[in-house]
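Asks: As a plain string of letters, each chain reads:
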Amino acid sequence: MFTQAQSPRLAQRRARVLKERAIEMVLFLAALVSVFTTVGIVYILVKESVVFFQQVSIVAFLTDTQWTPLFDDQHFGIMVLLSGTLTSSVVALAIAIPLGTIIAIYLSEFAPFKLREIAKPFLELLAGVPTIVYGFFALLFVTPILQWFYPELPGFNLLSAGIVMGVMIIPYVSSISEDAMRAVPMNLREGSYAMGATRFQTAVKVVVPAAFSGIASAYILGISRAVGETMILAVAAGMQPNLTFNPLEPAATITSYIVQVALGDLPHGSIGYQTIFAAGLTLMLFTFACNIAGHVLRKRFRETY
Amino acid sequence: MATVSVASSVESRPQPSAPLVPKVKASGLSFYYGAFRALKELDLVVHENCVTALIGPSGCGKSTFLRCFNRMHDLYPGNRYEGEIRLYPDDINLLAPGVDPIEVRMRLSMVFQKPNPFPKSIFENVAYGLRVRGERSGRTLEGKVEAALRDAALWSEVKDRLHQLAFNLSGGQQQRLCIARALATDPELMLFDEPTSSLDPIATASIEELIADLKKKVTILIVTHNMQQAARVSDFTAYMYLGQLIEFGRTDELFIKPKNKQTEDYITGRFG
Amino acid sequence: MATVSVASSVESRPQPSAPLVPKVKASGLSFYYGAFRALKELDLVVHENCVTALIGPSGCGKSTFLRCFNRMHDLYPGNRYEGEIRLYPDDINLLAPGVDPIEVRMRLSMVFQKPNPFPKSIFENVAYGLRVRGERSGRTLEGKVEAALRDAALWSEVKDRLHQLAFNLSGGQQQRLCIARALATDPELMLFDEPTSSLDPIATASIEELIADLKKKVTILIVTHNMQQAARVSDFTAYMYLGQLIEFGRTDELFIKPKNKQTEDYITGRFG
Amino acid sequence: AQQIVKIDGSSTVYPVTEAVAEDFQKAKKNAIKVTVGISGTGGGFKKFCRGETDISNASRPILKSEMVECAKAGIEYIELPVAFDALTVVINPKNTFIKQLTVAELKKIWEPGAQNKVMKWKDVNAQWPDQPMKLFGPGADSGTFDYFTEAVVGKSKSSRGDFTASEDDNVLVQGVSRDVNGLGYFGYAYYVENKDKLKAVPIVNEKGQAVLPSLDAVIAGTYTPLARPIFIYVSAKSLAKPEVKEFVQYYMTHGAKLSKEVKYVPLPDKAYAVSWEHVMKGKKGTVFGGTAEVGVTIEELLKREAKL
Amino acid sequence: MPYARDLKSIRRLIAAHKRWDLVFACCGVLALMVGLLTFIALFVDMAIDGVPRLNWDFFTNFPSRHAAQAGILSAWVGSCLVMLVTAFVAVPLGVGAGLYLEEYAPKNWVTDVIEINVTNLAGVPSIVYGLLALGVFVYQFGFGQSILSAGFTLALLILPVVIVATREAIRSIPVGIREAAYALGATQWQVCKDHIIPYSSAGILTGVIIGMARAIGETAPVITIGALTFIAFLPPSPIKAEPPFLSFEWLTSPFTVMPIQMFNWTSRPEAAFLQNAAAAGFVLVLLTLAMNGFAIWLRYRLRKNIKW
Ligand SMILES: Nc1ncnc2c1ncn2[C@@H]1O[C@H](COP(=O)(O)OP(=O)(O)OP(=O)(O)O)[C@@H](O)[C@H]1O
Ligand SMILES: Nc1ncnc2c1ncn2[C@@H]1O[C@H](COP(=O)(O)OP(=O)(O)OP(=O)(O)O)[C@@H](O)[C@H]1O
Ligand SMILES: [Mg+2]
Ligand SMILES: [Mg+2]
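First to last, the sequence lines map onto chains A, B, C, D and E. Going by this note's numbering, the first sequence opens with residue -5, and the numbers climb by one from there. Going by this note's numbering, the second sequence opens with residue 252, and the numbers climb by one from there. Going by this note's numbering, the third sequence opens with residue 252, and the numbers climb by one from there. Going by this note's numbering, the fourth sequence opens with residue 3, and the numbers climb by one from there. Going by this note's numbering, the fifth sequence opens with residue 127, and the numbers climb by one from there.
Quick caveat, the hints were computed from the structure, so don't treat them as lab data. There could be a bad hint or two in this list.
[Said to hold, decoys possible] Derived SDA-like pairs: lysine to any residue, alpha-carbon spacing no greater than 25 Å straight-line:
#1 E:Lys144 to B:Leu392
#2 D:Lys31 to E:Ala367
#3 C:Lys365 to E:Ile303
#4 A:Lys199 to B:Tyr284
#5 D:Lys31 to E:Ile303
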């Protein structure tokens, strides 16, 4: 009697397996979209950059100290833009990482439950404000305040852009770090408290080390955000290609250069147009390196509670 | 006949001999998780240098009770104590609002159900409590860590890898490490919450032995769901049910002649 | 004397009377979590309309063994079976690569340690297995759901709130709901993995009663860490230790006269 | 189905075209839709020469390379001057030592060789103070930048690179108004709107007169060489579409009024009439020959247009 | 008995330690204040400038050269339509990808690559997405500078956010539920469809909303693909009176979005436009606030309702 039942059952099963396979395939394709996106980005950037690097040697690109691709006297020293990007990022991170970490520790270990529930989403709003709004905020609000303390400060400078950027990045750092700290099992904390430790001791000596890998990824994301931020810098940092590591000066960054040119929409094929892809590629490689470093770090310090 | 299960281990044990001095005494202790009353007017005396076991079916409030002693419940909002727990010889009420929970925890230490070593080296794990108490001298630390590890019967196994991560130890070793960590600070009372429930029989046996040894130095209150274990290691046993202390007495008496019908039902496995 | 703990419940039970017909038979069953061999060459026969209990200390592989029957391990990567489990009367090897695990699960159902109702209504919870089997007709569904709930002794308690969320039930009710859910699909074999370990004594008693009733309809394999429970509910008991089947036999025989020293040690509470 | 006039190009011409577009749509009761984008003169021509837009805003005449590109795609165009813009050199109101600037001085400040050399005011003129200059200017992608470099340095796109550049002239206004040592240049309209925050510098023309930018000065032809015409280029193909033609007609009839309204210097009425005639007659091409020229006055422009 | 019994020194020690607790708690509150005060300063600053401009007309008027008449109708409609496309693309893709990675993906290098890739994409600067979109959507696929291009671009931009949120939400479903469903004989897809997706939907929705709140304020990539600035009409309506009632013409329509409109206004010479910009910014921030607020509420409800 079992054999009788078998053949319709078998057919049913084949149909089911087929359907399952098809669905899996569709979902797999959805997951692949992210890979296609990366491939697309790399393809676009590399395609145009290749043409660019046929005309500009990589050595010159990396060592020249001037960046004037749109001028009569053309120079293509990416270091100039990179210095602006790095300086503004360092300023931003100098704000975001300490403040973000302190906030994360405070919210996860110190704050009363209610405050945490309110403060965290409120902070996340900071990440939701359009960056162009921040740009004008930096230019029209923060810079004058800074000038009040330090009158020599030029109207456009990396400092105020960096500070505002830092504030914008705080929630990325604090939110993810806080999640990581909250994921530290309560029994670790209880272990520490049971030894007579205070909150601060528990937080710093037990919770932070245990959540290290999560905190590291928060930092990495913060770095990528800082490096990739565009509009704040375009508005408030003064797009001046200036090889400087002094945050008190105006400077152009890779991203602000890209929007500037993108706004101008130089003719396709001109070397000026291709510079944005070379610059974009540099940026992409930089963030990519950061993320890989973060991935390795996370693998190495993977929590094993 | 394999049926004489619990009594066999009780009968063969030596009786506590020294005169009994109370170490802690809970009286009229109730505890509330928010509106839920998890403990109902408990009274219990724990005698110095004795092992007192708390048994009872799951959810009866054993852990809740144990955690009152070192004010673990203070860590979470909405919890409320009623009644008192007095610590002797000082005769202070551990639950009094004026008493700092940190101070309480510095005197009473706790070992948890699941081993919870810190993500640090073995050495640092044991030294943690000392550092928290302000000990800086490397010499002293080393000495105390070694002594604690020896007391926890772990020294020989880890002496060559004190600076490796504690996570690399086996479950039983981790649990002994946690005991060493608690021991290092010379606690007056040690609280164990089902310390062997996540361990294999061999590790369990080693921990039980350890507890038997430790009671010479320190008073012990232990929660267990394993009646055989309670019978093996404890001098006194308290049986709890639904947040109430149903029966308390010498372990041998309680297991062989429980006064209470509920206790008897539980011990004979009629439920739980 | 409260010491005759296990045997008392065994002796009073009626013996399985009907002739024994094998329902499933594991032979040479080994199981690997990646490189870790959790089960070592097990052989076991489960007889039709009997309750077979698996006992053993924590970590001995009871759950692992149970989960082999309905191929639960297929859900996770890196797991590997060796040997076979034959299902009768068809005499197919459940573990054969050509056998679809979904088909296996449609014939064998499982109840877990912690009640795990879906966050759906009570009705939908019980109906889910039927819906998965393609049942559309509301009439049929209602009938079957009611029957299953009755069999699980839950009908009277929930019949007025079939469309409320299952989460609102108490733990014991939830567990009976999970049993009803499993019953609704008319399984040939039911697997229980410590179904009462998270329940209070009263809920436990009701589940045990239920199991005793159910065996008229369905074959049952149950994992428990509670020897008394095994003694109360099962016809056959298998004692496992470290991934091996140490002893298997009629429950009365195994508890009163274990053949194996290890089994005896475990049953008498010398460890575990 | 939809009647859309697509316009893109210079941000300098944008305000004029936008004003025309707005009024035109209202006049047509929204039956015809007009879109105006900003992607710079160069960018505008790129799209124009691909046939993506009907009209291109340009703050400079079309260049050779762009003519080639358009020719390749078979796009023919009609060049229509729509107004004049006076590039205005501005300084901070607190700056007291600059009374006027000659082209030579501007060149000294802005030429590429000045980079890292002419960093302080006294490097330009020994009598000026020993203070660092802070320079502001439009992005190197803009027609304003091209024109200014051509007019001052003598070569298009030839400029020092170490100045604060922005596509957004308000950002430049902010920069100069906040910095005592600031100097910048941009379109006249931005100066007019920010007179209270900025000071315009009179520019010495060939005749040696120091002239402040103003409507009159531009019309009189004395504000040289920083006055420049701005244009729209209409695709000949698109002119076949009635909506485009209507739009251009509207532009030519109302251009004067509207460009004045948005603070540009309107051409004389005659000029718009001539332009409309060109459209009607389909006179294609440019009167500039694909090179950038500076100092073309209204009068000259009219003469050239007439000859086309 | 050095540590435990010397009560006095213990108390002193605890007091010293607790001082650190206090210091740190103050630092924490201060740090929080920095964040919150910045936000409040920003918000108030914008409100002061912008709120007087907020009236009904501001939402129902098209942009205009007269600051007082200018409104954000085309901008907010554009933003809404772009968001619609973004949601339609990002949700299925993101949920599909998250589902695949959590429920289906075998442990192999392909999965690893996808996973690293998703984290990496989360860190890619938005401007780079703009470049991708310009090359791929605008020119390669020929979508042009349309709502479709913008929607796709922003969808890719928020895809990592949606994927991560989906995975988080799925991960919070206990294995017990999954196993229960499998044990009843459900296939993988049935488990996903009947359990995983419904139970994680609130979490997914939260992620989607947060992603959208980010996308709606994005300027750089939309500028790169060339959103228009002056557009005084609405895209064709998606709903028609006659069958088939739905029209997709709007997908290819030119568009502008809120941040672009704001960007445009900030670069106008007239100060009155800066107020418009502030008003538009205020609306934008309110919008993101509302979206985030909704997400928070959702998360809160989710936590309250389903307690595993
Ligand atoms: N954080 C909490 N909030 C509310 N109720 C709680 C909490 N923790 C425990 N309970 C409840 O308090 C009662 C006692 O719990 P407790 O954990 O003390 O039991 P237990 O005897 O230790 O059980 P087990 O043997 O399972 O560990 C139980 O009913 C439990 O549901
Ligand atoms: N997913 C897994 N991967 C690797 N090892 C596992 C896994 N699950 C269980 N094990 C190991 O397999 C062995 C048997 O585990 P199992 O859960 O079957 O024990 P058990 O008898 O059910 O114990 P308990 O009474 O605690 O439920 C244990 O050593 C356990 O550590
Ligand atoms: Mg407990
Ligand atoms: Mg198990």
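Asks: A separate judgement is required for each hint: does it hold in the structure or not?
Replies: Do the hints match the structure? See the list:
no. : hint                 : result
1   : E:Lys144 to B:Leu392 : holds, 23 Å
2   : D:Lys31 to E:Ala367  : holds, 22 Å
3   : C:Lys365 to E:Ile303 : holds, 10 Å
4   : A:Lys199 to B:Tyr284 : violated, 29 Å
5   : D:Lys31 to E:Ile303  : violated, 62 Å
Consistency with the previously given hints fails for numbers 4, 5, ordered from lowest to highest.
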